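Enquirer: Each chain, letter by letter, is given below.
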Amino acid sequence: MCSVKMQMKGKSSIYRLSAILASSIVLLWTPLQAQNIFMPENPLEGRIVFEQKGCITCHAIKGEGGDVGPDLGDRKFYGSFLELASIMWNHLPSMLGQMRELELPFPEFSKTEMVELTAYLYYLRYLGDPGNLYRGKVLAKEKKCLNCHAIAGKGGKIGPPFDKLAKYISPLYLAQALWNHGPSMEKKLKEMGLERPVFKRGEIVDLSAYIRAAGKGGKRQRVYMSPGNPQNGAKVFREKGCFDCHSVNGEGADIGPDLSEAEWGYSITEIAGLMWNHGAAMASTMNEKSIKWPKFTGGEMADVIAYIYFLQFKDPPGSAEAGRNLFTEKGCAQCHGTDARGGEIGPDLSESTALLSAFNMVQIMWNHAPVMEERISEKTLEWPEFTGQQMRDLYAFLYSLQEHKSDN
Amino acid sequence: MEISRRDFLRLLGVTATGATVGALGAGTVFSIPEHLFQRISDGPKIESWKTSVCSLCPGGCGIRVRLIDGIPVRITGNPLHPINRGAICPLAEAGIEMLYHPKRLKNPLKRSGARGENKWQEISWEEALQTVSERLNNLFRNNRNNAFHVFSQNYNNYQNYFLEEFMFSFGSENHHVENRIAQWALPVLASQGWNRVPAYDLLNSDCILNFGADVLDTEPSPVRYNQIYGALRNPGNNRRTDIIHFGAQLSRTAAMSSQWIPTRPGTMACLALSIAYIMIRDRSYDKGFVRNSTFGFKDWTDSEGITHKGFESLVTGNYYPERVSKICGVPAEKIVKTARRFAAAEKALAFGGEQAVNSPNGFYTSWAIYCLNALKGNLDKPGGVLFPSPVFEPPVSEKSPAYDFLKRNNFEEIIGNVLAKKPEVADTILFNRFNPVFNMPARKNWHQVLQNIPFIISYTSFIDDTSRFADLVLPAPFFLEDLDLYKTVPSIEFNHLTVQQPVVDPLYNTRGLGDILILLAKQTDLNDFKWKSYEQFVKSNAESIYLSGEGSIISESTDRSWIEFLKRRGWQPFAYSTFDEFWDVLLEKGGWWNPIYPDGNTKRIFRNKSGKFEFFSQTLYDYFSNDKGRAEEEFNLAFVPHYDPPAFLQENKVFPYSLIVFPQLSNYNGTGSRSGLVQELSAIYSREFWNSWVEIDPYTAGEFGLNDGDGIALISATGRIPVRVKIVPTLMPGVLAMPLGQGHEIPGEEKIGQNPMEIVDKEIDSVSGAYSLISTRVRIEKISSELS
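Those protein sequence lines, which keep their order, are chains A and B.
Position one of the first sequence corresponds to residue 1 (this note's numbering), numbered consecutively onward.
Position one of the second sequence corresponds to residue 1 (this note's numbering), numbered consecutively onward.
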């Protein structure tokens, strides 16, 4: 079995001089050597590619953009990089047809652009939805928040007034405040004989929307926050001692679950809600082991959640054997030769830079799609569709060619 | 490698032969300081780029300046800037030429000859500022604070706010800010109490009625509007927006419209009200909006029991198309057809500009046009008139008369007082990059005005038609050398802020106005003027945006919908841990914007007594309530939009033709006249390079036996100028049109072309105080000499 090694380095700056120069800029992602996980610094940067390559002409995000293709903001979660890549690949025949009809140029991507675009699409689900203040009002009552906290002069005086949070537009501020005062709140709740509130899916967002609307003093100043820097999140994760309980890809303790194996197809605030909900059990375990409760400041919680969310961007390894079979079954061999060493039409893939990383493979596959479409239409073949797992297998096969080559 | 003068000029994008245009009589165009040659000769030839904003017109275009070893060599558009999206006009391109212009002022100057002679003695900054502070101290000690006047042009920059703060501290109310688009704001103030220029959502409109706004050549933002018109007229635009342009001349803006309807100057109020007539008669106006959200549409009775005619009665009783057609020259059926097209469009808007509103009845014209939007019910709606929230202006803007649309612009009153030799009115005047002698009508009057003022200071980068009369000239840095902030350009639908960052150290011994004022404040003991440096003021204003968390620094991915998507979820597209980090990125990218249109109740746009759109303006009524005579005499008409036939339309046998003056994109109001590039481009279609011309219709030309290029004298009641003729079929008969921007008169410099302001009559709109540019009557005399 081969290991998937994707070499990326950290971006020296969020801000590139110009997107036009993107293709000439070295892909700068930080390798987290210990885990072989690669994190973008600002996944929102892929929006530039989305706009500049014209994806927005056909696809909307939550209603804003073209209506030729599906709205990409509607999809819940696209899965790992290669799962996402398989969706993009499979939509190519219809996309090429539509683009011909609309006389649009085919968008080729550099590797940087491909990574940024896919990271951006992966990130969309994470950004969540706006809250509903009416639901939030009901929740504040149901969860008995106002027994301890006041809002606009009404409510309890045990905890700090919610008005202080009214200026924060991002619901993650509320989630972070909740998290930080979790242990003391737990204690108070016990004293008062109240149950610890549990938050389902978008409830924190709704509660935050209510606090924003009803709280005093939030109208003039508005504080937004960054949805998270996964690279920084990896550092904070380590610094806050999360590895003392959790593991990632096998690294770390096994008190809590391995976070790289959990399903993270949720929004940031949903993940924050899940963290809060397991806070009680976590606090008691930490007490037993005399581990200090980790508190977050500034954008640290967002960064950690972004890091956790991106753990699944990385694909599990595929099967080179299955990939070899696919290579023939899907017709790749017809052009590239049965062993991928070059055929009548296609080049020798063992010599290809496609083998350097899964990102390279997807980028090269994408860019050769128009030519490939022509060739398979001449040969009256069908467009080869792949599932995410098949993409992983295919990459494992292609990567094995490189390994075998170095063996020789 | 040795680098020659020729090599350097090539870097600047010109050939060495382009550096001098002696044959054309303009002398040397480039004068590069020696130390720059040294630097580029010895330097490593490293290219870099800096962002800034072009301030050669008020359009607010973001620019990128290419530098070699830190020396500016070219200006291009900033592709990230939401105003111009990478495009710029020839005037901005000419910025480099003007930076290195040989006539740039290099040191402070003291007058050494008679006033206006253009004879100077160079002095030190210490002496110059000492002279100014002595005068100010003298006024201050004698409680004559208001005898210090400042006249500023208004390019939407923060320097004027700073100056305003200085004037407050000094105790003078006389900071006069020119605003050539006050007429865009006044109707909104009258009907809604909203004291700002609204935004017109042209891009989302299906039908646009443009009453004489040559937006592709002049304010509010010509490059922006060129892009909008380009997008609307693009065959790929599925919306198929109808742009119907009214005006006496087929201007570039009219030519880019779907339809040009020739309309007699000074009659557009009548035309707009006739369109309203059709909408009312057809009952095709937005009845729900008019019923629920307007005041004064129907006849009404005031608290004293007096009944007033409503807008409906006034319009239906006076403006039927057959009558209006005879006044404005538009066929009645065309008025009806246009009105029905406007009424039928799903999204439609009407707006007016200088050819309609810079007239003696300009305010009521602009108001009549604006009322069409209320009838259409398109206020605060996509494709209609928008009202972005005011954004981050220093507190001084709220209380200053300089920013009160009803008080500003009344230069005539000041001039009158000065002419009447009232020294208590004006002792010392500072012209802040403002050239009224060139830009305003009746310039001979100005000559006299300036002779009567005891002390004149000019803050400018070049000696111009006004500064030649100064006693003291303070050399201003060129905009590429100066720091400032530029706020939202009026009429643009999103808020934005652009940094004018100095891209190069000052080439000469110039100083920024802000820092001059700080020194003067120290020397005149203005203790409440708190600023330590102008940079501190600029940064404190930028910091208020940083702290607000609103909007986003412009970047490659700040599409409006995306910012809105993120902001609604509480996310910031980019995070900055400190203001310094924010500031650095702001300089790198060139600006900030907030494309999110405010949510909320439409009531926010009505800031008047009724909380509704007022066809009868209670705001105006209250404003003029002290002016009892006026209120009583003109009660019913003064506070509703109506058409006053201007006197200039009466039959005039001595001066049978109307003269309109028009702007040109490449020269704005004469700012670019010193540039060879501008001179070569401005006459690209008239072929009268480095010269002026007057446009005349073939019928009138035939009457005088005129051919293209023949000379005529244009004679008005105010003056006479010789000029060459350009015969065009795109002008209403009886109307002559002449471009603005040529004819600077500075002793010792060759005069290029003629300035039409020489003969434009001094007529103003009584409400706004704005000068009329369309009401001058002229006669023609054929001449054979006087023109080279």
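Bear in mind the hints are in silico, worked out from the structure with no lab data behind them.
Among the clues, some could well be false.
Calculated cross-link-like contacts (lysine-lysine; reagent style DSBU-like; alpha-carbon spacing at most 35 Å) [as the list claims (entries may be wrong)]:
1. K167(A) - K110(B)
2. K603(B) - K154(A)
3. K62(A) - K190(A)
4. K287(B) - K167(A)
5. K143(A) - K200(A)
6. K50(B) - K111(A)
7. K111(A) - K187(A)
8. K287(B) - K609(B)
9. K603(B) - K216(A)
10. K200(A) - K292(A)
11. K330(A) - K190(A)
12. K62(A) - K381(B)
13. K295(A) - K137(A)
14. K532(B) - K164(A)
15. K216(A) - K381(B)
16. K53(A) - K381(B)
17. K141(A) - K111(A)
18. K200(A) - K111(A)
19. K530(B) - K216(A)
20. K110(B) - K532(B)
21. K603(B) - K111(A)
22. K190(A) - K111(A)
23. K167(A) - K539(B)
24. K347(B) - K62(A)
25. K62(A) - K603(B)
26. K609(B) - K167(A)
27. K216(A) - K240(A)
28. K141(A) - K287(B)
29. K539(B) - K295(A)
30. K522(B) - K167(A)
31. K530(B) - K62(A)
32. K110(B) - K53(A)
33. K287(B) - K216(A)
34. K53(A) - K50(B)
Predicted model only: the values in this text are computed from it and were never measured.
Enquirer: Does each hint hold? Answer for all of them.
Expert: Right, here's what the structure says about each hint:
| no. | hint | in the structure |
| --- | --- | --- |
| 1 | K167(A) - K110(B) | violated (55 Å) |
| 2 | K603(B) - K154(A) | holds (29 Å) |
| 3 | K62(A) - K190(A) | violated (43 Å) |
| 4 | K287(B) - K167(A) | violated (40 Å) |
| 5 | K143(A) - K200(A) | holds (11 Å) |
| 6 | K50(B) - K111(A) | holds (28 Å) |
| 7 | K111(A) - K187(A) | violated (52 Å) |
| 8 | K287(B) - K609(B) | holds (22 Å) |
| 9 | K603(B) - K216(A) | holds (22 Å) |
| 10 | K200(A) - K292(A) | holds (26 Å) |
| 11 | K330(A) - K190(A) | violated (62 Å) |
| 12 | K62(A) - K381(B) | holds (21 Å) |
| 13 | K295(A) - K137(A) | holds (27 Å) |
| 14 | K532(B) - K164(A) | holds (34 Å) |
| 15 | K216(A) - K381(B) | holds (30 Å) |
| 16 | K53(A) - K381(B) | holds (31 Å) |
| 17 | K141(A) - K111(A) | violated (50 Å) |
| 18 | K200(A) - K111(A) | violated (38 Å) |
| 19 | K530(B) - K216(A) | holds (32 Å) |
| 20 | K110(B) - K532(B) | holds (28 Å) |
| 21 | K603(B) - K111(A) | violated (51 Å) |
| 22 | K190(A) - K111(A) | violated (54 Å) |
| 23 | K167(A) - K539(B) | holds (23 Å) |
| 24 | K347(B) - K62(A) | holds (24 Å) |
| 25 | K62(A) - K603(B) | holds (28 Å) |
| 26 | K609(B) - K167(A) | holds (32 Å) |
| 27 | K216(A) - K240(A) | holds (33 Å) |
| 28 | K141(A) - K287(B) | violated (44 Å) |
| 29 | K539(B) - K295(A) | holds (34 Å) |
| 30 | K522(B) - K167(A) | violated (40 Å) |
| 31 | K530(B) - K62(A) | violated (48 Å) |
| 32 | K110(B) - K53(A) | violated (59 Å) |
| 33 | K287(B) - K216(A) | violated (39 Å) |
| 34 | K53(A) - K50(B) | holds (26 Å) |
In summary, the structure is inconsistent with hints 1, 3, 4, 7, 11, 17, 18, 21, 22, 28, 30, 31, 32, 33 from the numbered list given earlier, while agreeing with the others.
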